[in-house]
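Enquirer: Residue-level listing of the chains:
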Amino acid sequence: MAAPVRGMIGSTSIGNTTSFQKKTRSKLVSIPGTRPSVQNGQLLVSSGVSSLDYVIGGGLAVGTLLLVEEDHYDSYSRMLLKYFLAEGVVCGHELFLASARDHPDDIMQELPSPIVDDVAGMKISEGQSQPSDPENPDTMKIAWRYQNQPKVQTALASSVRFGHYYDVSKTMEPELRQAAKCHSFYQLQETPVVTASSPLPSPYHSLLKSIQTVIRKEGFDGSTPQSKVRNVLRLGLHSLGSVLWGDDVCCKDNPAHCHALTTFLYILRGLLRTSLSVAMVTVPSHLTQNRAVMGRIIRLSDTAIALESFKGSEKETNPLYKDYHGLLHVRQLPRLNCLSCEVPDTKDLAFKLKRKQFTIERLHLPPDLSETTVSP
Amino acid sequence: MFPELNSILNSTPDSFKSSDFILVSDRRADASFLIHHYLSFYLRAGCKVCFLGLVQSFSHYSAVGQRLGVSLAQAREKGQLVFLEGLKESFGVLLQDTSQETQPLSYLRSPGAGLEGLFRFVESCVRQSGDGNAGESWGPPVLLIDDLSVLLSLGVSVGAILDFTLYCQATVCSELQGNMVILVRCEEEDADDDEEGSNLLQRGLVHQCNLALHVEGLPTGYCRDIHGQMEVWWRQRGETIYNQRKIFHFKVHDKGASFFARGTSSAVL
Numbered sequence: 001m002a003a004p005v006r007g008m009i010g011s012t013s014i015g016n017t018t019s020f021q022k023k024t025r026s027k028l029v030s031i032p033g034t035r036p037s038v039q040n041g042q043l044l045v046s047s048g049v050s051s052l053d054y055v056i057g058g059g060l061a062v063g064t065l066l067l068v069e070e071d072h073y074d075s076y077s078r079m080l081l082k083y084f085l086a087e088g089v090v091c092g093h094e095l096f097l098a099s100a101r102d103h104p105d106d107i108m109q110e111l112p113s114p115i116v117d118d119v120a121g122m123k124i125s126e127g128q129s130q131p132s133d134p135e136n137p138d139t140m141k142i143a144w145r146y147q148n149q150p151k152v153q154t155a156l157a158s159s160v161r162f163g164h165y166y167d168v169s170k171t172m173e174p175e176l177r178q179a180a181k182c183h184s185f186y187q188l189q190e191t192p193v194v195t196a197s198s199p200l201p202s203p204y205h206s207l208l209k210s211i212q213t214v215i216r217k218e219g220f221d222g223s224t225p226q227s228k229v230r231n232v233l234r235l236g237l238h239s240l241g242s243v244l245w246g247d248d249v250c251c252k253d254n255p256a257h258c259h260a261l262t263t264f265l266y267i268l269r270g271l272l273r274t275s276l277s278v279a280m281v282t283v284p285s286h287l288t289q290n291r292a293v294m295g296r297i298i299r300l301s302d303t304a305i306a307l308e309s310f311k312g313s314e315k316e317t318n319p320l321y322k323d324y325h326g327l328l329h330v331r332q333l334p335r336l337n338c339l340s341c342e343v344p345d346t347k348d349l350a351f352k353l354k355r356k357q358f359t360i361e362r363l364h365l366p367p368d369l370s371e372t373t374v375s376p
Numbered sequence: 001m002f003p004e005l006n007s008i009l010n011s012t013p014d015s016f017k018s019s020d021f022i023l024v025s026d027r028r029a030d031a032s033f034l035i036h037h038y039l040s041f042y043l044r045a046g047c048k049v050c051f052l053g054l055v056q057s058f059s060h061y062s063a064v065g066q067r068l069g070v071s072l073a074q075a076r077e078k079g080q081l082v083f084l085e086g087l088k089e090s091f092g093v094l095l096q097d098t099s100q101e102t103q104p105l106s107y108l109r110s111p112g113a114g115l116e117g118l119f120r121f122v123e124s125c126v127r128q129s130g131d132g133n134a135g136e137s138w139g140p141p142v143l144l145i146d147d148l149s150v151l152l153s154l155g156v157s158v159g160a161i162l163d164f165t166l167y168c169q170a171t172v173c174s175e176l177q178g179n180m181v182i183l184v185r186c187e188e189e190d191a192d193d194d195e196e197g198s199n200l201l202q203r204g205l206v207h208q209c210n211l212a213l214h215v216e217g218l219p220t221g222y223c224r225d226i227h228g229q230m231e232v233w234w235r236q237r238g239e240t241i242y243n244q245r246k247i248f249h250f251k252v253h254d255k256g257a258s259f260f261a262r263g264t265s266s267a268v269l
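First to last, the protein sequences are chains A and B.
Residue numbering for the first sequence follows full-length UniProt numbering, starting at 1 and increasing by one per position.
Residue numbering for the second sequence follows full-length UniProt numbering, starting at 1 and increasing by one per position.
Hints in this document: simulated from the structure, not taken from any laboratory.
All residues carry an ideal CB built from backbone N, CA and C; glycine is no exception.
Among the hints, erroneous ones may be present.
As the list claims (entries may be wrong) - Cut-off 25 Å, straight-line C-alpha distance, at most; resulting in silico cross-link-like pairs (SDA-like, lysine to any residue):
no., chain 1, residue 1, chain 2, residue 2
1, B, K88, A, N318
2, B, K88, A, Q332
3, A, K347, B, Y222
4, A, K170, A, Q39
As the list claims (entries may be wrong) - Stretch-level coverage of chain B by chain A, calculated; a stretch enters the list once three of its residues show a Cβ under 8 Å from a Cβ in chain A:
no., segment
5, 29–42
6, 58–65
7, 147–153
8, 247–261
Claimed, not checked - Okay, the calculated bits of chain A under chain B, using three or more residues with CB under 8 Å as the criterion:
no., segment
9, 110–116
10, 300–313
11, 349–356
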């Protein structure tokens, strides 16, 4: 089950953009920080970068796996991972972070800080008083028809919004960060378990066991009773397939464990499909010598993107790319619970890191020859 | 079920060829929409379907099936559909201490041992006569496999998979006059071809099959309105050998797919 929203399946057509909500027999699953997809009713969470959400079809579906092929120096893929975790903190989701190179706490300390225009509701102290308006006019002279409408609350709880903006130049406040529940798995501190009978090498096996323990203990697979508030678990797995995970798929032409990473991804997707969780996995694909393995890894994940940064390559001085820091390739988009997937109108995408923000843009407009006219 | 594909292949749920082995393959594209077509086709035809869904969950096929007009949950309850969900039980099988050879998913624990457990499961499923509560008897058995090539990623060897398909073909097609539809996903042809690759598997299966549908992207590049091209290869049928190939372009919608001859897409005309 990739967590379809029950109410939406009952409603009539796809692409239904009205706010009409059919009365459903079962309770609508409403988890903070999620929204149902317009296309097929899937429950989506934001990846933290709103332009990336747009490119992959609205957001990441709960129960799926996002694969990010790292750029050469792992700078931008690490930034995407931090955006993903920061979005989880802001929405109140639970986090699970696994890494083999840097300690998970170090990564958590570098999370970007959210831009705070309307996140007054995010303060830890919940019982907040209504903002009083000293110059509140009692009667409206011009817009008098709106006199009796309820006042718009400016202090919206951040959990209602989908997708936030972050300031990369500042790190997140420690209080905000500590309010989120984070489970971590640091490969170098784990004791190796002898698993003679498993086809997976020890680090992957213990990582899977750790993920499954968290899912079962916190009830993401529905094993706890209904009274507990439903939440989403965000898994961030950094640099899988690198040598530090005990895997040699990145350093040898004919690795001894050539099926370790692919088996791991298959079983991870099985765990994700049966629980309310989303995973983002980064893989140093530029190190794999064997192209066939990368093809298999992409097919085993749901959404796959690749980052190619211009740093150090001859494209850095190319005038076509002077405004951008790298190219973004969308390798695969999932077809979940429907026949067709979100087809992008162009595949030429580039990303740039401005002073404060990471955005993804179209490199140039495609030729306008299509059944449906696309407004620029 | 896609009506245009039925007319191309000259088959309807009421009259289709039996003892057919259909191979669906793709290269850097996604041919799983054809699996949904065949699933709804054979359920409508009243056959007993054994579906090995190794890469997606049951609710995915069920949701698509509803849009194509068949209810998988109902078919499963009535006993017409037997669904093996590979993803759901995968972690449990991995953690088990004892691995029995006869378990269907035993290849997860010991990929070198072959697929005998999976074949025993398929055999028991297709040999059951219609002995459900209502005593309904279904048509000839059909075996559908969604994504045989994922077994390569799990460490099973090409030889073992080809043995498995040969056993299945002997049982399902020759002995029980049923049909078989298998999806294989390939990577691109590499100059330095690796021996244990999916291309080898696909070539081996193409020789065994009666009809091969190969889905690829357009050779000229990405297009929003034409999702790819499908090559239909009619191969051997009994004693007659056809060896006829045709290429069609297709576009996948929400409720189906439309197929048209090359160059006749509505975006261009």
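Enquirer: For every hint, state whether the structure bears it out.
Expert: Results for each hint:
1. B/K88 <-> A/N318: violated, 48 Å
2. B/K88 <-> A/Q332: holds, 23 Å
3. A/K347 <-> B/Y222: holds, 8 Å
4. A/K170 <-> A/Q39: violated, 36 Å
5. 29–42: holds (count 4)
6. 58–65: holds (count 4)
7. 147–153: Answer holds; 3 residues pass the 8 Å Cβ test.
8. 247–261: Three-residue rule met by the segment 247–261 of chain B, so holds; n is 6.
9. 110–116: Contact hint for the segment 110–116 of chain A vs chain B: violated, 0 residues under 8 Å.
10. 300–313: violated (count 1)
11. 349–356: Per the Cβ count (0), the hint is violated.
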